[in-house]
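2 protein chains.
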Amino acid sequence: MFRIGFDVGGTNIAAGLLNESLDIVQRRNVPFSNGKGGEYIASVLAQLVRDLTGAQCIGAKELECIGVAVPGSIDRRGEFVIDAYNLQFHNVPLRSQLQVYFPEVPVFLANDANAAALAELHKGAFAGCKTAVLMTLGTGVGGGIILNGKMFNGGNGNGVELGHSILSHNGELCSCGVHGCVEAYCTASWFVRQGRKAVVEYKNSMIYTSARGSMDNVTAKLVVDCAKEGDHIALDIFDRYVDALGSAVTSMVNILDPEVIALGGGVSLAGDFLFEPLRENVRKKVFFPAFGRIVPAQTGNDAGVIGAAMLKVNAE
Amino acid sequence: MFRIGFDVGGTNIAAGLLNESLDIVQRRNVPFSNGKGGEYIASVLAQLVRDLTGAQCIGAKELECIGVAVPGSIDRRGEFVIDAYNLQFHNVPLRSQLQVYFPEVPVFLANDANAAALAELHKGAFAGCKTAVLMTLGTGVGGGIILNGKMFNGGNGNGVELGHSILSHNGELCSCGVHGCVEAYCTASWFVRQGRKAVVEYKNSMIYTSARGSMDNVTAKLVVDCAKEGDHIALDIFDRYVDALGSAVTSMVNILDPEVIALGGGVSLAGDFLFEPLRENVRKKVFFPAFGRIVPAQTGNDAGVIGAAMLKVNAE
Numbered sequence: 000m001f002r003i004g005f006d007v008g009g010t011n012i013a014a015g016l017l018n019e020s021l022d023i024v025q026r027r028n029v030p031f032s033n034g035k036g037g038e039y040i041a042s043v044l045a046q047l048v049r050d051l052t053g054a055q056c057i058g059a060k061e062l063e064c065i066g067v068a069v070p071g072s073i074d075r076r077g078e079f080v081i082d083a084y085n086l087q088f089h090n091v092p093l094r095s096q097l098q099v100y101f102p103e104v105p106v107f108l109a110n111d112a113n114a115a116a117l118a119e120l121h122k123g124a125f126a127g128c129k130t131a132v133l134m135t136l137g138t139g140v141g142g143g144i145i146l147n148g149k150m151f152n153g154g155n156g157n158g159v160e161l162g163h164s165i166l167s168h169n170g171e172l173c174s175c176g177v178h179g180c181v182e183a184y185c186t187a188s189w190f191v192r193q194g195r196k197a198v199v200e201y202k203n204s205m206i207y208t209s210a211r212g213s214m215d216n217v218t219a220k221l222v223v224d225c226a227k228e229g230d231h232i233a234l235d236i237f238d239r240y241v242d243a244l245g246s247a248v249t250s251m252v253n254i255l256d257p258e259v260i261a262l263g264g265g266v267s268l269a270g271d272f273l274f275e276p277l278r279e280n281v282r283k284k285v286f287f288p289a290f291g292r293i294v295p296a297q298t299g300n301d302a303g304v305i306g307a308a309m310l311k312v313n314a315e
Numbered sequence: 000m001f002r003i004g005f006d007v008g009g010t011n012i013a014a015g016l017l018n019e020s021l022d023i024v025q026r027r028n029v030p031f032s033n034g035k036g037g038e039y040i041a042s043v044l045a046q047l048v049r050d051l052t053g054a055q056c057i058g059a060k061e062l063e064c065i066g067v068a069v070p071g072s073i074d075r076r077g078e079f080v081i082d083a084y085n086l087q088f089h090n091v092p093l094r095s096q097l098q099v100y101f102p103e104v105p106v107f108l109a110n111d112a113n114a115a116a117l118a119e120l121h122k123g124a125f126a127g128c129k130t131a132v133l134m135t136l137g138t139g140v141g142g143g144i145i146l147n148g149k150m151f152n153g154g155n156g157n158g159v160e161l162g163h164s165i166l167s168h169n170g171e172l173c174s175c176g177v178h179g180c181v182e183a184y185c186t187a188s189w190f191v192r193q194g195r196k197a198v199v200e201y202k203n204s205m206i207y208t209s210a211r212g213s214m215d216n217v218t219a220k221l222v223v224d225c226a227k228e229g230d231h232i233a234l235d236i237f238d239r240y241v242d243a244l245g246s247a248v249t250s251m252v253n254i255l256d257p258e259v260i261a262l263g264g265g266v267s268l269a270g271d272f273l274f275e276p277l278r279e280n281v282r283k284k285v286f287f288p289a290f291g292r293i294v295p296a297q298t299g300n301d302a303g304v305i306g307a308a309m310l311k312v313n314a315e
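Read top to bottom, the protein sequences are chains B and Z. Numbering (numbering that gives the first Met the number 0) for the first sequence: 0 to 315. Numbering (numbering that gives the first Met the number 0) for the second sequence: 0 to 315.
A few of these clues could be false.
[Said to hold, decoys possible] Some but not every residue of chain B turned toward chain Z, in silico, with C-beta under 7 Å:
| hint | residue |
| --- | --- |
| 1 | Asn147 |
| 2 | Gly148 |
| 3 | His163 |
| 4 | His168 |
| 5 | Phe287 |
Simulated from the structure, these hints should not be mistaken for lab results. The C-beta atom is built at its ideal place from N, Cα and C for all residues, glycine as well.
The following block holds chain B by itself, in its conformation from the complex:
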């Protein structure tokens, strides 16, 4: 049997056909113009299903399920996209809109961050876990929670918003309008802001040189690379990042005591340079003498596709 997973983003749709080992044996990546509504996107997804199964010469009876991950909130029953701002979706019955094309194949819907946590459970850092937390450190901070060996969608079905737990009461303003959220401190965007400040304030820093004096050239990777080279301005930024992320991870450990905390997203690509001081920072702050592992997420850009494909298994 095969499974199909979709990861619908604001600008493109990633699609994958997975075999029973959860290898993606066919994949597609198509640009997507949003704002055209649920009927339209369902038709695009339906065409991709035909395309993927056709390319692998698979009949309808060999397709176990179809899952769709979207960057938004899903109702408790998994029928509607309540809000997905990037897609301009509000109360869109996407599950049934896709289901009509394939009446015999179960269709599932989930939030993309939740789906990513599910991908880590079935083919990544959470293998065998009952309790685990994923935090994705990108433009924002997303995340998902595994509880009792299943994807957790919040006690009221609101999902989980780890990036909007509060790290610094009355601290920096977050994009959500509240002060001090984890997302105000632990994103790739935070590195960019600090790096730009350095370009303005420290013309002798490696950040200034690497960015050729232009704020527009500053990326999170540029700042991290300068820190790796030993530039003390960049190292100071990096150390402050690790300390803030360490506090955010500490809270998750003291609240849920997860077996594994996995970090994904662009910042996590810094590798041991990030994970080694982070583990040490968390070890100093956590209440328990022994606690779970802090590791890189493993499913990377395939997280949404793999997680979406596993939604039927999660529901069983």
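Got chain B sorted already, so can you dock chain Z onto it with the hints?
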């Protein structure tokens, strides 16, 4: 059938015999000198079991289970008290030490804050809930989590330490040695510290008058009562407390989206004067348009006894 629950504190033991409606039909409260070890306390508990059952004329076959709540960490299997500093207990096999007295009656062991959450589930604010969070606002901040309709003891069995999630990154020093924990801001002790400052700094405040000019007379209740009377120094303290507690509750909502968050402990006795502005504060900060109820805990001083008595049900 009847159940017995014990709540072992640093200075006394509360014991209760519960009927099937979870009413405490017999209760005892005995002083307890700690430091004498597990064998001794097991013998005291065994005598209390005989006393409670004797007073109700109950035979051994009518006793369904015995549960013990202790202020410390319990191993994953529920056999040992790993650390209970107030009891000077370290790696004490208390379950089996009590079990030997009653070979036919199942004996259970749990952390007291977890037991309190279980009490709310079976006879309090969490009735019918699958996902709920209890925070107790006393000398420290304790708490327990209900997940999937069961007491949650952490993914690795470390328990949960809601009071040591981080509210203010690099903020005030907590008793645990880390900066910025919830416990550094949301306790009754915080009110005492702020009230004492007011006695020193604001001789025109009602706090000064009510405390008759002595820091030793300041209690959390005194500060809250002055705020209720409209004293502006006390109101400022109270508002800062509500804002900090609001941030702590917001984090729990955004992480777990609980159906109910219940607040217990001394500070929660302030009633609507606390809960009404708190709900408004949280509403402004939470990510979700609709979220769970924020209510007073209901089981009060009986929380540990009731929760301990329900440990067998929780394990089923």
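Against the structure, test the hints numbered earlier, and report the numbers of the ones violated in rising order.
Number 2 only.
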